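J.: Top line first, the protein sequences correspond to chains A and B.
According to this note's numbering, the first sequence holds residues 1 to 357 in order.
According to this note's numbering, the second sequence holds residues 1 to 342 in order.
A few of these clues could be false.
[What the hints assert, rightly or not] Listed next, the in silico DSSO-like pairs over lysine-lysine satisfying Cα-Cα at most 27 angstroms (straight line):
| no. | chain 1 | residue 1 | chain 2 | residue 2 |
| --- | --- | --- | --- | --- |
| 1 | B | Lys152 | B | Lys257 |
| 2 | B | Lys278 | A | Lys185 |
| 3 | B | Lys142 | B | Lys152 |
| 4 | A | Lys281 | B | Lys255 |
| 5 | A | Lys281 | B | Lys142 |
| 6 | B | Lys244 | B | Lys278 |
| 7 | B | Lys257 | A | Lys253 |
| 8 | A | Lys151 | A | Lys130 |
| 9 | A | Lys253 | B | Lys80 |
[Stated by the list, open to error] What the simulated footprint calls covered on chain A by chain B, stretch by stretch (three residues with Cβ under 8 angstroms from a Cβ of chain B suffice, anywhere in the stretch; the number is not a length):
| no. | stretch |
| --- | --- |
| 10 | 5–16 |
| 11 | 80–93 |
| 12 | 332–341 |
[Said to hold, decoys possible] Cβ-Cβ distance ranges computed for the label pairs, FRET-style:
| no. | chain 1 | residue 1 | chain 2 | residue 2 | range |
| --- | --- | --- | --- | --- | --- |
| 13 | B | His170 | A | Gly327 | 39 to 47 angstroms |
| 14 | B | Ile237 | A | Phe54 | 24 to 32 angstroms |
| 15 | A | Asp52 | B | Asn303 | 53 to 61 angstroms |
| 16 | B | Arg138 | A | Ile161 | 34 to 42 angstroms |
| 17 | B | Ile237 | A | Asn351 | 28 to 36 angstroms |
Worth flagging that the hints you see were computed from the coordinates, not collected in a lab.
Just so you know, these numbers come straight off a predicted model, no measurement behind them.
Beta carbons are placed, not taken as given, at the ideal position from N, Cα and C, and that holds for glycine.
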Amino acid sequence: MIIEGKKTVWSQYQKNIAGDHYFYIRSCIRQNLFPGSETAFMRIMQQELGKDIFEDANHTTCTGIGYHTDIVPIETTMTVVARLFALMTERGYENMITSCITSFGVLSEILETWKEFPETEARTRDFLKKATGREFKVPKDMAHASDIIYKFRKEIGEKGIRKLINAKTGEKLRVVEHIGCHYSKMFPQKGVGGAEFPYVLIGMIEDWGGEVVDYPERRHCCGFGFRQYFIKANRGFSIACSKKKFESMKPFKPDFIITNCPGCNYFLDRWQYVISEMEGKTYGEDQNGIPVLTYEEVAGLVLGYDPWDLGMQMHQVGVEPLLDKMGVEFDPAKKFLGKNGNSLGVPEKPNVLNFCC
Amino acid sequence: MKKHVFIIGGGVAGAEAASQLVKMGFDVTLAEKETQIGGKLNQWDRLFPSKRKAAEVLDFINKNLVDSKARVLFNTEISKISKQNGGYKIYAGIEECTADAILISTGYDVFNARIKEEYGYGIYENVITSVDLEEMFRNGNKIFNSNKEEPKRIGFVHCVGSRDEKVGNHYCSQVCCVTAVKQAMEVKEILPRAEVYCFYMDLRMFGLQFEDLYRESQEKWGVNFIRGRVSEAAENIDGTILIKVEDTLAGRPLKMKVDLLVLMVGFVPSAGTTEIGKMLNLDLTPENFLKPADEHLDTSSTNLKGVFIAGTCKSPKTIADTFADARAATLKIKEFLEGSEK
Chain A
1 MIIEGKKTVW
11 SQYQKNIAGD
21 HYFYIRSCIR
31 QNLFPGSETA
41 FMRIMQQELG
51 KDIFEDANHT
61 TCTGIGYHTD
71 IVPIETTMTV
81 VARLFALMTE
91 RGYENMITSC
101 ITSFGVLSEI
111 LETWKEFPET
121 EARTRDFLKK
131 ATGREFKVPK
141 DMAHASDIIY
151 KFRKEIGEKG
161 IRKLINAKTG
171 EKLRVVEHIG
181 CHYSKMFPQK
191 GVGGAEFPYV
201 LIGMIEDWGG
211 EVVDYPERRH
221 CCGFGFRQYF
231 IKANRGFSIA
241 CSKKKFESMK
251 PFKPDFIITN
261 CPGCNYFLDR
271 WQYVISEMEG
281 KTYGEDQNGI
291 PVLTYEEVAG
301 LVLGYDPWDL
311 GMQMHQVGVE
321 PLLDKMGVEF
331 DPAKKFLGKN
341 GNSLGVPEKP
351 NVLNFCC
Chain B
1 MKKHVFIIGG
11 GVAGAEAASQ
21 LVKMGFDVTL
31 AEKETQIGGK
41 LNQWDRLFPS
51 KRKAAEVLDF
61 INKNLVDSKA
71 RVLFNTEISK
81 ISKQNGGYKI
91 YAGIEECTAD
101 AILISTGYDV
111 FNARIKEEYG
121 YGIYENVITS
131 VDLEEMFRNG
141 NKIFNSNKEE
151 PKRIGFVHCV
161 GSRDEKVGNH
171 YCSQVCCVTA
181 VKQAMEVKEI
191 LPRAEVYCFY
201 MDLRMFGLQF
211 EDLYRESQEK
221 WGVNFIRGRV
231 SEAAENIDGT
241 ILIKVEDTLA
251 GRPLKMKVDL
261 LVLMVGFVPS
271 AGTTEIGKML
281 NLDLTPENFL
291 KPADEHLDTS
301 STNLKGVFIA
311 GTCKSPKTIA
321 DTFADARAAT
331 LKIKEFLEGS
341 EK
């Protein structure tokens, strides 16, 4: 691997990312699957970085899942997204952040379509006006939430209380990254580092003291690929995709996987459990899985947040071996307690995969 | 007084044209930005279809050029060209020359394989280009991977930077298919036990004997041809390269590990061609090569009177076609200069 070659590619894909005043659009599925990540993002933005970030209780889905499964027509998607832009405009913001990779892809696709075919923008404005009476400005700057964390990674690193190193050996943690298809595969110029050798997550890992390892199936789909999972008959293909990645990354002995996309995080996490139940296979050391973390969770650990406040109990692959490796103090008894001290419910113990509960 | 022709670029076309123009009785100055004549041919070991040594052709053009006593300016780049008294004034390095006609033979560059990011050239140590492989041949036929081991399986990827909308090059570079066949056979000569695979869209074996080479490569040397484009390359933990390709004849995707992956890089207009074209405001083809005055009837003149073009600055060409094109240009220049006396 010639790192200078990678740096050359990275230098060609740098994008402008606004420095403050953001209108935040949450993800539909993330709030259910890993709700701690978005909460951590808001905490980092407001409390650690002192940024002005606003979210509107009236915001909705971008329709991404419906759009990509051919349920929602593009005209509807454009109008729903136009409404999101209208909410942003009404609140006096110009910079939009999406929490979800698919929203980022959908919004990017719409903005590019409007640029290439202005009549589609005019038609959308007309639809929105008729349906809601609203008008909008297109965002001056549109970023994915990981772009923002990437932009402020050095500040986060400086404020952090720990690095991504093995507390016992002092070695850098080995990390594999997965950016998600909708981040830059459609529009390489819109992603930090482009599509083939994306840098957005690598930049965080490197600045926070870890080491990113490439593995042959790095670019392969996580297994979500909407048509693979949402069409029930295709779910075997979904898990086969994930398995292909796990088999490929295993020889590199990663300490954890960092993801950019709600679906990738979910499937790389959950399918490890399913594979362990189906085939008795695990991909980490000592019958552990490979923990799958969102970039907000990684940032939160660096900043010293409590792992249970970060929502890491929601992962099906246990994170405790990683926390031990990093020297993170945590109370195992509080893993499945909510903020109010009540039990969240304890999951059934897997047959093969180690899981602390 | 003899008419003076200024030639820009001392590759095969420029050098051959220089010696021919001297024979015709003209004064000739040849400006070459490098320290030697021959251009890209200097990077080649053997030539298709006969596998003749490139050095033989280089010796031929060098000897002719020396014998012709044409004036050659090495290490010389052109900074400005202006019109003067019906001819041209050329600022070549530290010199200012006047000329009655200019021949541009600034050639091609090989496609920058780094642009095809999915193949990882410049990132994965065992991904090389056809030019890199030729250098291995020139350096004593030693073929090693990054671990200094002889590769057991080698893949050739055709059409890298050619016929590729993604990189904006729609055209065929003409010589890469037959070069891949030639190089695949040479690899088998050096490493008889190695497996060699060529991944192609279709094979454009347009020249005499090219088809025979293709047949020989399979019958005699056992080279495997798989019709399908490589979608991506990635590095395995041992440094070998994992490629994904669609085998369109079998109708299924294919994944293969190779020890060395060779990218058959195509032709693009050289930086010098682009620069001189801009300097003189010459018409360009849609592919950004220099455009001839007429695609059938006058392929040596340009939109500028007294400025001619030869060789690969106007399209990808074989060595044989480059010689023929250079000689055609000299006749056109002769016609122009002698016509202008009348």
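J.: Checking against the hints above, which ones are violated?
T.: 2, 5, 6, 8, 9, 11, 12, 13, 14, 16
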